[in-house]
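J.: Chain by chain, the residues run as shown.
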Amino acid sequence: MRMSDINQGGSVMKQPATAPPESAMNGNTLRRTVTIVNPHGFHMRPQMYFAQRAQQCQSDVALTDGSTRVDGKSPLDLMMLSTAQELTVEVTGPDAAEAVESLAAILAAPSADEEPPSPKKG
Amino acid sequence: MRMSDFVIREAIVPQLGATAKEGVIREMVESLRNAGYFKGTDPEDIVKAILKRELLGSTGIGRNVAIPHTKHNSVDRLIGTVALSPVGVAFDSLDGEPVHVFVLLISPQDRPGDHLRALENVSRRLRDDAFVKALRQATSREAIWSLLDETAPP
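Residue numbers (the numbering used here), protein chains in the order written: chain A, 480 to 601; chain B, 113 to 266.
Pulled out of the complex, with its shape left as it was, chain A reads as follows (with noise of 0.2 angstroms):
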């Protein structure tokens, strides 16, 4: 498992270009970008461990390109990012720091049989 481009805390190394303040945001925010190495890419089996992960936290979950910027907790919304090769989650709320290293990891994996735990499982 690799990952790239590790921000701690609320600074980013690459601003969403299009991306608004959100609301949120005044919470505890923080992102890790992931360069995808999975040879499938960002499919379809782990945008659902992703968004079944996401839809565990309290915190918001989003997840961007750099110009689109997504619900992460909506499976449907995740496919709208498929063919990106890296990908910055951002979660804000109070299990944020938790909840962004299982999520950046979910990302990070190079093949979805090596998926972290379902997480009915664990």
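Calculated from the structure, these hints are not laboratory results.
Given the structure is predicted, the values throughout are model-derived calculations rather than measurements.
The calculated lysine-lysine pairs, modelled on DSS-like cross-linking and capped at a C-alpha distance of 27 angstroms, are:
hint	chain 1	residue 1	chain 2	residue 2
1	B	Lys183	B	Lys164
2	B	Lys183	B	Lys133
3	B	Lys245	A	Lys552
4	A	Lys552	B	Lys133
5	A	Lys552	B	Lys164
Footprint (simulated), chain A over chain B, 3 or more residues, beta carbon under 8 angstroms:
hint	segment
6	174-182
7	221-229
8	236-247
C-beta atoms are modelled at their ideal positions from N, C-alpha and C, and glycine is treated no differently.
Place chain B on chain A using the hints.
T.: Quick look at chain B alone, frame taken from chain A:
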């Protein structure tokens, strides 16, 4: 990209007869076969591949839609079809809801990019509630094709 770029018009199923997961998938594959695809291939092989993918995780992504798919060497470009179920089909969807709109995608073995681009295109359309509503109200292949031939809003 428009959905009409890869959906096979003659294989559209305006009203599915099947009401269960396996039957629906088989009906969609048969529809593509009747439209001239999968020559020299046992269609059951394709049905099995799609069902095998479903075992890894349902493609019922919620909001009454499902996007079953597989890669298969019997196609040299990505093809698909759209099928509608007025009664709804239990599909182990993420939100527990039945599926009324199916988009089946079959892509060549070695072109993941084509599949991902199609997923992006399909998702942009299916996120549009007005589009899905119009699809579900369509009763003919021609009406469905006309909707698929529209471009997604920016």
